[in-house]
Amino acid sequence: MMARFDNVYVLDVMSDDHPGIVAAVTTAVESLGGNIDACSQTVLGGYFTLIMIVSTPQPVDPERLAEQVRKAGTGGSEFQVLARRADRCEGYKPPEKCDRFVITAFGKDQPGIVRRFSQYLAGKDINIVDLYGDRKGDEFVLIGQLEIPSRWDIRMLQTDLEQMGQELGFTVKLQHENVFVATNQLRLPTAGG
Amino acid sequence: MLRTDEILSTIEMLHAEHLDVRAVTLALNVEDCAAPSVDLVCRKLRNKILSRASRLVEVCERVGCKYGIPVVNKRLAISPVSTLLAGHGHAAAVQVARALDEAAAACGVDFVGGFTALVHKGTSAADAVVMNSLPEVLSHTRQVCASINVASRKAGINMDAVRQMGEIVLRVAQATADRRGFGCAKLVIFANIPEDNPFMAGAYMGAGEPEATVNIGVSGPGVVCNALKRRIQRERNLTLGDLAEEIKITSFRVTRVGELIGREVAAELGVAFGIVDLSLAPTPMVGDSVGEILKTLGIEKIGAPGSTAAVAMLNDAVKKGGLFASSSVGGLSGAFIPVSEDAALADAVRQGHLVLEKLEAMTSVCSVGLDMIAIPGDTPAETIAALIADEMAIGVINDKTTAVRIIPVPGAKAGDFVDFGGLFGSTPVMEVRNAGASAAFVRFGGRIPAPLQSLGN
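Chains as they are written, first to last, in my numbering: chain A, 1 to 193; chain B, 194 to 650.
Hints may contain errors.
Think about it this way: if two alpha-carbon atoms lie no more than 16 Å apart in a straight line, the pair counts; the simulated EDC-like pairs of lysine to aspartate or glutamate are [to be verified]:
id, chain 1, residue 1, chain 2, residue 2
1, B, 441, B, 509
2, A, 108, A, 138
3, B, 488, B, 540
4, A, 173, B, 210
5, B, 241, B, 294
6, B, 347, B, 592
7, A, 136, B, 210
8, A, 173, B, 205
9, B, 422, B, 205
DEER-style ranges, computed between Cβ atoms [said to hold, decoys possible]:
id, chain 1, residue 1, chain 2, residue 2, range
10, B, 197, A, 153, 24 to 34 Å
11, A, 47, B, 423, 40 to 50 Å
12, A, 167, B, 194, 38 to 48 Å
13, A, 167, B, 502, 33 to 43 Å
Quick look at which bits of chain A chain B covers, simulated, 3 or more residues with Cβ under 8 Å [unchecked claim]:
id, stretch
14, 27–36
15, 154–161
16, 171–178
Calculated from the structure, these hints are not laboratory results.
Note that CB positions come from ideal geometry on N, CA and C, so glycine has one too.
Same shape as in the complex, but just chain A (with noise of 0.2 Å):
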């Protein structure tokens, strides 16, 4: 992502999911001078997120852009704004090789899932890039795309997981996200990457 002006803010807006707030949020940082140099939205729960980066070509307290999308609100609906400077757009950089795995679990719902799981992988330095959890009935599924470090092995964080999903009645999966790119895109993942 590279920004289009030099100074690039981070807005995050949350709001009960309905039509026109994507088009009242931009409305307000264009009325601002800005630009939107990239987006991601998400809607859980019937809730809606918003992350934008955006950037200006002059300088804009960073309050005041929050106070221009939260007047924006649609819908009778208030938006939660925060908005602050974004001083490093590349993101985090694993610090060493790292391979892309997919760690999966379902089982019954109990508290402390999410923070088990979460917990260990931060202590093998495991980035999630990417997490989903979900509850239906009694049941919860945890997604979560990993960066391994290729130090470890992976035959001992699977049996760990594995584990630690037997201690909570949970069925878990390591696995190369290669086998999932496989099987459901139409280009081959190229051998041993």
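Start from chain A and add chain B according to the hints.
Showing chain B alone in chain A's frame:
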């Protein structure tokens, strides 16, 4: 970034429906193991196999673990053993077979294929040694698998070899009578044998192949069956075209898993990646059955009219999906209908729905032939030869691979139940009607000429 629904559908396929890689077969050219002394042949064979294959099992397990997909069978295939036995005799054949057995065991593989002779146009002295040694070889070794190619599209059918194989199948059964004729489960008689088949008992390394190559057999009848069941449950007014499309999509995904694993295993072993074999290979496990797919397609009793059309559609859809998934498709690549290895097929035989003649008709549109069929132990050799000839004719005329793996169970009558254990499964003994009534045809011998290549109606 991967989508959640993609991850979930793959997880369902891999874990809930037990997709696995059925076979990783390392094929080795062993022609350089030929030597004037049989002791030297055996020593060279052992050294070559151990140097190239000793890491196979470990690599398969590590790669399987990385992707969360078990590799069920790890196997070896070698160049036709007849090339090593030229100038040697019966005792040498048995000694070489024992050496192969020991080398395979030392590598920890399940089977070693390639105790093979190619006799579709005629039988050389070395081929005859291979064929005549089969009763002793298959009864005195555990892991050695044999295949004899007796027919081809270009040569026709070597009826002398067919007749001889009818007798040899009986002798192999008798030599392994204590195991209900199990030796015959390790012997396949082919028309148009593929050079790169990873599946046993017919795997061998054919001419034109590299020094060493990894061939992959994927499977997944359970995955296809479940995909069809889900679609049928979810949607009304489906046509067979819709169901063929579902099979195609599933086959694409299954094939991709095989290719991913195969390429990585080959890279780790430092050998060429060969092919993915698209065959749907059932196991006796419930839910891992081609017969179950036919039932899901609406054939209530397997063997009923419509069974041939259903299996033809399945076979074709599997190939179409797999061919788009991989540019390296080969081997047998079709739906297998091995009776004892498929619980639903064995059950159809038990209930009298599926008879030998209907099975033969079904093999004309799928892979790979009359496979894992138990017949009465007193079936005459000429009748076994005639059964082989019929299946070879289907292959030669239709320009496809066909095969016969038939077990005349010593002392058993039609309707008796035999259990071969493990992946070989169990089955009732099938009735062979009109036994003995084609003896004169078989006794003519000679060669049935190669068929026309044109006027293909």
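Evaluation of the provided hints:
Distance check on the hinted pair: residue 441 of chain B and residue 509 of chain B sit about 9 Å apart at the alpha-carbon level, within 16 Å; holds. A threshold of 16 Å between alpha carbons decides the hint, and for residue 108 of chain A with residue 138 of chain A the separation of about 6 Å falls inside it, so the pair holds. Proximity of residue 488 of chain B to residue 540 of chain B is assessed by CA-CA distance (about 12 Å); at most 16 Å being required, the pair is judged to hold. The straight-line distance between the Cα atoms of residue 173 of chain A and residue 210 of chain B is roughly 15 Å, inside the 16 Å bound, and the hint therefore holds.
About 14 Å separates the Cα atoms of residue 241 of chain B and residue 294 of chain B, which keeps this hinted pair within 16 Å; it holds. Note on residue 347 of chain B and residue 592 of chain B: the hinted pairing holds, with a Cα-Cα distance of about 9 Å set against a maximum of 16 Å. Our distance criterion of 16 Å between C-alpha atoms is broken by residue 136 of chain A and residue 210 of chain B, whose separation comes to about 21 Å. For the proposed pair residue 173 of chain A and residue 205 of chain B, the alpha carbon gap of about 12 Å is at most 16 Å, so the pair holds.
Between the alpha carbons of residue 422 of chain B and residue 205 of chain B the distance comes to roughly 14 Å, so the proposed pair stays at or under 16 Å and holds. In this structure the supplied range 24 to 34 Å holds for residue 197 of chain B paired with residue 153 of chain A, their Cβ-Cβ distance being about 28 Å. Distance hint for residue 47 of chain A and residue 423 of chain B: a CB-CB separation of about 31 Å, inconsistent with the stated range 40 to 50 Å. About 30 Å separates the C-beta atoms of residue 167 of chain A and residue 194 of chain B, a value inconsistent with the hinted range of 38 to 48 Å.
The beta-carbon spacing between residue 167 of chain A and residue 502 of chain B, approximately 52 Å, falls outside the hinted interval of 33 to 43 Å. Coverage of the stretch 27–36 of chain A by chain B is violated in this model, with 0 residues showing a Cβ closer than 8 Å to a Cβ of that chain against a need of three. Counting residues of the stretch 154–161 of chain A whose beta-carbon sits less than 8 Å from any beta-carbon of chain B gives 3, enough to reach three: the coverage restraint holds. With 7 residues having a Cβ less than 8 Å from any Cβ of chain B, the stretch 171–178 of chain A passes the three-residue criterion, so the hint holds.
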